[in-house]
Amino acid sequence: MGLNQFTAHELMGKLKSREILPRDILEDLFARLKEVEPRVKAYARFKPEGIPSPEQSLGLPITIKDNICTEGLKTECCSKILVNFRPPYDATVVAKLKAAGVSIFPFKANMDEFAFGSSTENSCFGTTRNPWDLEYVPGGSSGGSAAAVAGDEAVWALGSDTGGSIRQPASFCGVVGLKPTYGLVSRFGLVAFASSLDQIGPITKDVEDAAILTGIISGYDPNDSTSVNQQVPDYTGSLGKGAKGLKIGIPKEYFIEGLDAEVKDVIDEALNKLKFLGAVSKEVSLPHTQYAVPVYYIIATAEASSNLARFDGVQYGYRASSDELIEMYKKTRAEGFGEEAKRRIILGTFALSHGYYDAYYLRALKVRTLIKNDFDAVFRDFDCIITPTSPTPAFRIGEKTQDPLKMYLSDIYTISVNLAGIPAISIPCGFTKKGLPVGLQIMAKPFDEETIFRVAHAFEQNTEWHKIKPKL
Amino acid sequence: MAIDKETVKYVAHLARIELRPEELDKLCRQLHDILGFIDQLSSLDVKEVKPASHILPICNVLREDEPRKSLSPDKALKNAPSREGDFFSVPKIIE
Chain A
1 MGLNQFTAHE LMGKLKSREI LPRDILEDLF ARLKEVEPRV KAYARFKPEG IPSPEQSLGL
61 PITIKDNICT EGLKTECCSK ILVNFRPPYD ATVVAKLKAA GVSIFPFKAN MDEFAFGSST
121 ENSCFGTTRN PWDLEYVPGG SSGGSAAAVA GDEAVWALGS DTGGSIRQPA SFCGVVGLKP
181 TYGLVSRFGL VAFASSLDQI GPITKDVEDA AILTGIISGY DPNDSTSVNQ QVPDYTGSLG
241 KGAKGLKIGI PKEYFIEGLD AEVKDVIDEA LNKLKFLGAV SKEVSLPHTQ YAVPVYYIIA
301 TAEASSNLAR FDGVQYGYRA SSDELIEMYK KTRAEGFGEE AKRRIILGTF ALSHGYYDAY
361 YLRALKVRTL IKNDFDAVFR DFDCIITPTS PTPAFRIGEK TQDPLKMYLS DIYTISVNLA
421 GIPAISIPCG FTKKGLPVGL QIMAKPFDEE TIFRVAHAFE QNTEWHKIKP KL
Chain B
473 MAIDKETVKY VAHLARIELR PEELDKLCRQ LHDILGFIDQ LSSLDVKEVK PASHILPICN
533 VLREDEPRKS LSPDKALKNA PSREGDFFSV PKIIE
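Protein chains in written order, with my numbering: chain A, 1 to 472; chain B, 473 to 567.
For the record, the hints were derived by calculation from the structure and aren't laboratory data. Treat the numbers as computed from the prediction; the structure is a model and nothing was measured. Please note: incorrect hints may appear among the correct ones.
No farther apart than 16 Å at their CA atoms in a straight line, the calculated lysine to aspartate or glutamate pairs in the EDC-like style are these [what the hints assert, rightly or not]: (1) Lys331/A with Glu495/B; (2) Lys564/B with Glu324/A; (3) Lys547/B with Glu327/A; (4) Lys366/A with Asp511/B; (5) Lys498/B with Glu340/A; (6) Lys247/A with Glu450/A; (7) Lys241/A with Glu450/A; (8) Lys564/B with Asp323/A; (9) Lys481/B with Glu327/A; (10) Lys522/B with Glu35/A; (11) Lys247/A with Glu71/A; (12) Lys366/A with Glu520/B; (13) Lys547/B with Glu520/B; (14) Lys80/A with Glu335/A; (15) Lys434/A with Glu327/A; (16) Lys247/A with Glu283/A; (17) Lys406/A with Asp505/B; (18) Lys547/B with Asp90/A; (19) Lys434/A with Glu135/A; (20) Lys244/A with Glu450/A; (21) Lys550/B with Glu71/A; (22) Lys498/B with Asp323/A; (23) Lys498/B with Glu19/A; (24) Lys400/A with Asp505/B; (25) Lys564/B with Glu135/A; (26) Lys541/B with Asp90/A; (27) Lys331/A with Glu490/B; (28) Lys519/B with Asp358/A; (29) Lys481/B with Glu495/B; (30) Lys471/A with Glu35/A; (31) Lys366/A with Asp517/B; (32) Lys96/A with Asp224/A.
Turn these sequences into a full structure, and let the hints steer you where they fit.
As C-alpha cells, this is what we get:
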C-alpha cells in the first residue's frame with residue numbers, strides 16, 4: 001500500500017515514530033500522479049517533467065486550491081486573466097500550515113475559474129474527472145481538491161466554499177469536506193469571490209483529518225477584518241463522543257421533488273443509523289429554503305462583480321494590447337475571463353446598478369435575513385440539521401454546461417449554509433447502484449464545529465463508506 | 473423581468489467587458505431566464521425586514537494607525553504586465 005493512500009493522521013504517526021520520512025510520502029504521491037493524473041486531471045498545471053525532487057520536502061504535504069495564495073508558487077484561479085501570477089505572500093492559512101510543519105504540495109488543485117461553478121468544467125485548464133467514473137464531473141468548484149483526495153493523489157487538501165464549493169465536490173467524490181463558520185478561518189490571501197460568503201475549509205479522507213486541519217487553519221487574523229477573535233477549541237476532542245442524545249432536525253423542504261430517489265434512500269438509511277446510535281430526530285421546517293438560490297445569485301454575483309474589478313490588466317496577469325486605457329480594460333477582461341465569469345460579473349453589475357439596486361440587491365439582503373432567522377429558530381431546539389449534500393449524485397460531463405440555471409440549481413442544498421454563515425460538513429454515506437458516492441450534510445449553529453465533528457465521527461466510525469476507494 | 477440588449481450592453485460597459493454580438497445575444501437570453509427565476513423573490517413581503525449586510529455582529533474594525541512592514545516596490549511590481557521604475561505603466565490617459 002502506497003503512503004499516498006493513508007490519512008494525514010496515520011502519516012503523522014508514522015513520521016513521529018520515524019518509520020518514514022516526508023520525502024517518502026512525496027515519492028509515492030508523485031508516482032501516483034504519473035499513473036493516474038493524465039486521466040483524472042485534478043491539478044491545474046501538472047506536467048510529469050515538472051515534478052521536483054522529493055528531497056526538499058520538510059513535512060506532510062497538503063494540496064492547495066488554485067485560488068489560495070502560495071508565495072512564489074503560481075496561483076491563477078484557473079483563469080487566463082491571472083496567467084503567471086506568483087503571489088508575493090502566503091495566505092494566512094498557508095502560513096499557518098507551514099508553521100505547523102505541513103509542506104505545500106508543488107502542484108495546485110484545479111477549480112472552476114474564480115470558483116464560479118459546480119462541476120470544475122469552467123477551468124481554463126480543462127475539466128477534472130470524477131475518480132469514481134471518469135465520464136462524470138467531480139463537482140465544483142473545488143473539484144480538483146476533492147478528486148485529488150478521492151483518487152489518492154493528495155493526502156488532504158484545502159478548498160474554498162462560497163455556495164457549496166467544498167461540500168458538493170466532497171459529496172460527488174466520496175470524501176469529507178467542511179465549510180467552517182463564516183469568520184472562523186481567515187480569508188486573507190484567498191482570491192475573493194463573494195466576501196460575505198467565502199470560507200476556506202478542509203477536504204480530507206476522514207473526519208479526524210478534517211478536525212485536525214480545521215484546528216490548524218482557524219483563528220483570529222488581524223489581516224481579515226471579518227475574522228472573529230475567539231479561542232479555537234481542540235476539535236479532535238469532539239471525536240469519539242458518540243451521537244447519543246443528540247437532537248437532529250430534518251428539514252422537510254430538502255426532501256421534495258427534485259431529490260433523486262436513490263439519494264433519498266441512502267440518506268434515509270444514514271438517518272436510521274444515527275438513530276440506532278442514540279440520536280433523536282424530528283422533522284423541522286426552514287420555510288424560506290426555496291429562496292436561497294435566487295438570493296445567492298444576486299448577492300454572490302454582486303460581490304463578485306465588485307471583487308473582480310481588480311483584474312484590469314494593470315497590476316498582474318493578462319493584458320490585451322491597446323493604446324487606449326478603457327479599451328485596454330475592456331479587451332483584457334473580454335479575452336481574460338471565461339464565459340461563466342463574464343455572465344456573473346454582468347449579472348452582479350446589473351443587480352447593483354442604478355434603478356435595479358432596491359429591487360434586486362437590497363431585496364436579496366432582506367430575504368437573506370429571513371433565511372438566517374429560519375436557522376436560528378431551528379437551532380434553539382436542535383443540535384444539528386441533517387440533509388443530503390446534493391439532490392443528485394455526480395452528473396455527466398457536459399450535461400449542464402449549456403444551461404446555467406440548471407447548473408445553479410445543483411447547489412440548492414448547500415447555498416443556505418453560506419447565506420446564514422453557519423458551518424456544515426459533507427461526509428460519505430453510501431453509493432448509488434451505479435457506484436457513485438452520496439454525501440450526508442450536517443449543519444450546526446455558528447462556531448459549533450464541535451457538534452458537527454462529533455456527529456460525523458460517530459457516523460463514520462460505525463460505517464465503512466469512507467474506506468471504500470475508487471478503482472483507477 | 474425582461475432585460476433588453478441595450479441594458480446588457482450598458483451594464484457590460486459599466487463592467488468594462490467588451491462583448492461580441494453573438495455573446496451579447498446569448499447573454500441576453502440567459503440573463504432573461506436567470507432574472508425570471510430570481511423574480512420569485514418579489515412575492516415576499518420584506519417591508520419590515522432588515523437587510524443582512526453582514527452575517528456576524530462585527531462593526532467598525534479599527535487598528536492603530538501605525539506604520540507597518542509592507543511589500544517592497546520590487547515585490548509588489550513583480551507581477552505587473554508593464555512597469556516603469558517603481559510604477560505600474562498603463563496606456564496614456566491624458567493627452
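Just to be careful, I want the Cα atoms of Lys522/B and Glu35/A compared with a cutoff of 16 Å; is the pair within it? violated, 55 Å
Please work out if Lys331/A and Glu490/B have their alpha carbons no farther apart than 16 Å. holds, 6 Å
Hinted pair Lys547/B and Glu520/B, Cα distance within 16 Å: Since the Cα atoms of Lys547/B and Glu520/B sit roughly 50 Å apart, the hinted pair is violated (cutoff 16 Å).
Lys331/A paired with Glu495/B [C-alpha distance capped at 16 Å]: holds, 14 Å
Are the Cα positions of Lys498/B and Glu19/A separated by 16 Å at most? With a Cα-Cα distance of about 59 Å, the restraint between Lys498/B and Glu19/A is violated, given a limit of 16 Å.
Does Glu335/A sit within 16 Å of Lys80/A, going by the straight-line distance between their CA atoms? holds, 8 Å
16 Å limit on alpha-carbon distance, applied to hinted pair Lys366/A and Asp511/B: Holds - the C-alpha atoms of Asp511/B and Lys366/A are around 14 Å apart, at most 16 Å.
Please verify whether Lys244/A and Glu450/A have alpha carbons no more than 16 Å apart. The hint holds at about 15 Å.
Just to be careful, I want the Cα atoms of Lys366/A and Glu520/B compared with a cutoff of 16 Å; is the pair within it? holds, 9 Å
Is the Cα-Cα distance between Lys434/A and Glu135/A 16 Å or less? Distance of about 12 Å is within 16 Å: holds.
Assess, step by step, whether the Cα of Lys400/A is no farther than 16 Å from the Cα of Asp505/B, and give holds or violated. holds, 15 Å
If you draw a straight line from the CA of Lys241/A to the CA of Glu450/A, is it 16 Å or shorter? holds, 10 Å
Consistency with the previously given hints fails for numbers 3, 10, 11, 13, 15, 22, 23 and 25, ordered from lowest to highest.
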